[in-house]
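Trainee: Residue-level listing of the chains:
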Amino acid sequence: ILNVEQSPQSLHVQEGDSTNFTCSFPSSNFYALHWYRWETAKSPEALFVMTLNGDEKKKGRISATLNTKEGYSYLYIKGSQPEDSATYLCALAQGTDKLIFGTGTRLQVFP
Amino acid sequence: GAGVSQSPSNKVTEKGKDVELRCDPISGHTALYWYRQSLGQGLEFLIYFQGNSAPDKSGLPSDRFSAERTGGSVSTLTIQRTQQEDSAVYLCASSQGRGKNIQYFGAGTRLSVL
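Residue numbers (the working numbering), protein chains in the order written: chain Y, 7 to 117; chain S, 6 to 119.
Derived by calculation from the structure, the hints in this document are not laboratory data. Careful, some of the hints might be misleading.
Label-pair distances were calculated between CB atoms; the ranges are [claimed, not checked]: (1) Y:PRO88 - S:ASP68: 43 to 49 Å; (2) S:LYS105 - Y:ASN9: 19 to 25 Å; (3) Y:GLN87 - S:LEU44: 25 to 31 Å; (4) Y:GLY22 - S:SER58: 45 to 51 Å; (5) Y:GLY85 - S:GLY45: 26 to 32 Å; (6) S:VAL17 - Y:GLY22: 38 to 44 Å; (7) S:SER63 - Y:SER33: 20 to 26 Å.
Bear in mind that the values here come from a model prediction, so they are computed numbers and not experimental data. Note that beta-carbon positions come from the ideal geometry of N, C-alpha and C, so glycine has one too.
Model the full structure from these sequences, guided by the hints.
Mentor: Below, the structure is given as structure tokens:
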């Protein structure tokens, strides 16, 4: 059984704090790692797709790193804002076209 | 429309009834996926269509669930003899195919089985 694990399950931070969460996955047969943001009452929205070991991606205040050899990816948010409140999902493509999603990290940013 | 469209947005049905959920993917996207999120759970893969290939049905939870994709575009997910445990948000996504491509999600159908 392929398990994609995310931690923490939920996170509460103050506006302006920086935060990070982890996605762990089996390193064998790695193909790609996706990050999505899912705001309440909206559709999941892609943040990054990462394919190479050592990849770093950045989008505004959000960045991600990837280690395919040890099987983890970190998502960082610098200077969190209330509008960053959402569930952040990672998903693994393991040599196939379908994605296996983690259960997500629910972030709440308080003003 | 430019995005993935799903209908209905909400569906309330009685246990034992059949339901059909529709997904209209982004034009030109060869891959189409169905997922569901039950209360307190993550996104669960159901079924995947890629071009003219046979669909990957490995995530369908029972034989009451089926899906088809007509003409390589619109897809319908059918649940027969619905049960209360089928209550969930059903999401459809499309992509240009292959696991490196971003998936674009619809707004989902919230199914409630009474």
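Trainee: If a hint holds in the structure, say so; if it doesn't, say that too.
Mentor: Evaluated hints:
| no. | hint | in the structure |
| --- | --- | --- |
| 1 | Y:PRO88 - S:ASP68: 43 to 49 Å | holds (45 Å) |
| 2 | S:LYS105 - Y:ASN9: 19 to 25 Å | holds (21 Å) |
| 3 | Y:GLN87 - S:LEU44: 25 to 31 Å | holds (28 Å) |
| 4 | Y:GLY22 - S:SER58: 45 to 51 Å | holds (49 Å) |
| 5 | Y:GLY85 - S:GLY45: 26 to 32 Å | holds (30 Å) |
| 6 | S:VAL17 - Y:GLY22: 38 to 44 Å | holds (42 Å) |
| 7 | S:SER63 - Y:SER33: 20 to 26 Å | holds (22 Å) |
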